[in-house]
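K.L.:
Here is what each chain is made of, one letter per residue.
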Amino acid sequence: MQTGKLLAAKSKNTYILKLLGDVRLTLCCTLDQLFEQVFSDREVESIVIDLSQADNLDSTTLGLLAKIAVKASVAGLNQPSIISSNSDITLLLESMGFRQYFLIMEQPVTTDKALEEVPQLAGSEEHIRTKVLEAHRTLMSMNDSNREAFKSVVQALEECPHPT
Amino acid sequence: MRKSQQEAALTYQQELEQENADLKTALAMLRQDQQAGYHVQQSLLPANPTQLDAYRLDYWLKPSLYLSGDFVDCWAQGEHQLLFYLADVSGHGASSAFVTILIKYLLGKYCEQEDFSPAQLCMRVNEELLAGGLDKHLTLVLGCLDTQTGNLTYALGAHLPVPLLIDAEGEVKELSGTGMPIGLFPDAHYKDYTCQFPQGGRLCIASDGILELLPGQGLEERQQYWHRWVVETGGNLEALLERLPVAEGSWPDDVTLMTITGC
Numbered sequence: 166m167q168t169g170k171l172l173a174a175k176s177k178n179t180y181i182l183k184l185l186g187d188v189r190l191t192l193c194c195t196l197d198q199l200f201e202q203v204f205s206d207r208e209v210e211s212i213v214i215d216l217s218q219a220d221n222l223d224s225t226t227l228g229l230l231a232k233i234a235v236k237a238s239v240a241g242l243n244q245p246s247i248i249s250s251n252s253d254i255t256l257l258l259e260s261m262g263f264r265q266y267f268l269i270m271e272q273p274v275t276t277d278k279a280l281e282e283v284p285q286l287a288g289s290e291e292h293i294r295t296k297v298l299e300a301h302r303t304l305m306s307m308n309d310s311n312r313e314a315f316k317s318v319v320q321a322l323e324e325c326p327h328p329t
Numbered sequence: 003m004r005k006s007q008q009e010a011a012l013t014y015q016q017e018l019e020q021e022n023a024d025l026k027t028a029l030a031m032l033r034q035d036q037q038a039g040y041h042v043q044q045s046l047l048p049a050n051p052t053q054l055d056a057y058r059l060d061y062w063l064k065p066s067l068y069l070s071g072d073f074v075d076c077w078a079q080g081e082h083q084l085l086f087y088l089a090d091v092s093g094h095g096a097s098s099a100f101v102t103i104l105i106k107y108l109l110g111k112y113c114e115q116e117d118f119s120p121a122q123l124c125m126r127v128n129e130e131l132l133a134g135g136l137d138k139h140l141t142l143v144l145g146c147l148d149t150q151t152g153n154l155t156y157a158l159g160a161h162l163p164v165p166l167l168i169d170a171e172g173e174v175k176e177l178s179g180t181g182m183p184i185g186l187f188p189d190a191h192y193k194d195y196t197c198q199f200p201q202g203g204r205l206c207i208a209s210d211g212i213l214e215l216l217p218g219q220g221l222e223e224r225q226q227y228w229h230r231w232v233v234e235t236g237g238n239l240e241a242l243l244e245r246l247p248v249a250e251g252s253w254p255d256d257v258t259l260m261t262i263t264g265c
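Chains Y and L, in that order, give the protein sequences.
Under the working numbering, the first residue of the first sequence carries the number 166, and numbering increases by one thereafter.
Under the working numbering, the first residue of the second sequence carries the number 3, and numbering increases by one thereafter.
Honestly, the hints are just simulated from the structure, not real lab data.
A virtual CB, placed ideally from N, CA and C, is assigned to each residue, including glycine.
Be aware that a few hints might be false.
[Unchecked claim] Lysine-lysine pairs mimicking DSSO-like chemistry, simulated, CA-CA at most 27 Å apart:
#1 L:Lys26 with Y:Lys232
#2 Y:Lys177 with Y:Lys236
#3 L:Lys111 with L:Lys193
#4 Y:Lys170 with Y:Lys236
#5 L:Lys193 with Y:Lys232
#6 Y:Lys232 with Y:Lys170
#7 Y:Lys236 with Y:Lys183
#8 L:Lys64 with L:Lys106
#9 Y:Lys236 with L:Lys5
[What the hints assert, rightly or not] Restraint-style ranges between C-beta atoms, simulated for each label pair:
#10 L:Tyr112 with Y:Glu259: 24 to 32 Å
#11 Y:Ser238 with L:His41: 38 to 46 Å
#12 Y:Lys236 with L:Tyr40: 30 to 38 Å
#13 L:Ala56 with Y:Arg189: 56 to 64 Å
#14 Y:Arg264 with L:Asp169: 42 to 50 Å
#15 L:Tyr14 with Y:Phe200: 57 to 65 Å
#16 L:Gln226 with Y:Asp197: 36 to 44 Å
#17 Y:Ser205 with L:Gly80: 33 to 41 Å
#18 Y:Ala240 with L:Ile103: 32 to 40 Å
#19 L:Arg58 with Y:Gln202: 19 to 27 Å
Between the sequences and the hints, there should be enough to build the whole structure, so can you do that?
P.N.:
Below is the structure:
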């Protein structure tokens, strides 16, 4: 297993964080600084986390990803996306309830060329809104308690003005 | 070699020896410090086994180094309720161990005040951890077993591997339900699940550290192994421990096993 590595890049209005190998974070000070930078950067509208080449994430890393979702929501950014093609990692993310906070996608991003296309994939607010609306509607249709729980979300999304 | 060079080499050697001795002393002090912490944490664990009416709780906890981010606790809530939990705090070592003590304190305090359901307890701990800004989260299995009726109410906080329930015939099934991790998301909701504890049955809970010791590649396969081991051992703690690799040095993560057996 490859030792964990963390790469970061900004492309247009999207911030991309790529995690590779066996990611075990024991010290997060530098990452906290990185976050400060990302969330104070007014140009950043969406965040994409690429886990397609990650083999394993430790609990600290998961905590960190969750923090991104919470911070993004507070900062009024688009729902962050996660690219996970490793079924094990997807299972882990799902067990942690991440699907509620991230748009989890399967497409791997492996080439520089593909990396440039990421903003189009996840940067479109309309696209994400539709996806989220769809997901919440599905959840609502699943049972009564869900219907109550997600009613306000769906309402808010439906009332949300479409980007021009 | 000239005389001055010889002297320089000798001085250098002496300096190195002194530094080596200093390092050894410092290391011994740190180790003693950790060991003292270990003893405090161990003394905060419940009696092993703990018996309440016809149910017995056994556990086994092995820290990765000295201090553990895994923790178990149980106590009699009222006369015939056994409240128990297994918590796995993110990371391991001292920082995670501090959080296990905080959790023990918080849950104890909440349960003294009022009768909270497992889901309500999860929600309160979630709020408290987020408010504390510790940047630590945990996965949790928290249950309350009525020892008179065998009724088990529990909440799950994103815990892996999924706890397993074995009936007297040896049939194993997963505790159903899902839940968010504790201390990550401000709006996390938790749900109380109920089931009947099978007569003469057993509940088997492990922290995810066990998955790193199991054969197989990946989470799914290792969870299947965990399931298989429980089937083959009937969830007997001693038998499960015999299957674990002999510990050499430190383990990658803390490992905890906990069983509740109905007699």
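K.L.:
Now look at each hint and say whether the structure bears it out.
P.N.:
For each hint, the structure was consulted:
1. L:Lys26 with Y:Lys232: Roughly 39 Å separates the two Cα atoms, so the pair is violated.
2. Y:Lys177 with Y:Lys236: holds, 20 Å
3. L:Lys111 with L:Lys193: Cα-Cα ~21 Å, so holds.
4. Y:Lys170 with Y:Lys236: Holds, at about 22 Å.
5. L:Lys193 with Y:Lys232: Distance of about 23 Å is within 27 Å: holds.
6. Y:Lys232 with Y:Lys170: This hinted pair holds, its Cα atoms lying about 19 Å apart.
7. Y:Lys236 with Y:Lys183: holds, 18 Å
8. L:Lys64 with L:Lys106: holds, 18 Å
9. Y:Lys236 with L:Lys5: violated, 66 Å
10. L:Tyr112 with Y:Glu259: 24 to 32 Å: Given range 24 to 32 Å: holds, Cβ gap about 29 Å.
11. Y:Ser238 with L:His41: 38 to 46 Å: With Cβ atoms ~43 Å apart, the hint holds.
12. Y:Lys236 with L:Tyr40: 30 to 38 Å: holds, 35 Å
13. L:Ala56 with Y:Arg189: 56 to 64 Å: Violated: the Cβ-Cβ distance is about 43 Å, outside 56 to 64 Å.
14. Y:Arg264 with L:Asp169: 42 to 50 Å: Taking Cβ atoms as reference, Arg264 (chain Y) and Asp169 (chain L) lie about 32 Å apart, which means the hint is violated.
15. L:Tyr14 with Y:Phe200: 57 to 65 Å: violated, 45 Å
16. L:Gln226 with Y:Asp197: 36 to 44 Å: Holds, since Gln226 (chain L) and Asp197 (chain Y) (Cβ atoms, about 37 Å apart) stay within the stated range.
17. Y:Ser205 with L:Gly80: 33 to 41 Å: violated, 51 Å
18. Y:Ala240 with L:Ile103: 32 to 40 Å: For Ile103 (chain L) against Ala240 (chain Y), whose Cβ atoms are near 33 Å apart, the range 32 to 40 Å holds.
19. L:Arg58 with Y:Gln202: 19 to 27 Å: violated, 54 Å
Checked against the numbered hints above, the structure violates hints 1, 9, 13, 14, 15, 17, 19; every other hint is satisfied.
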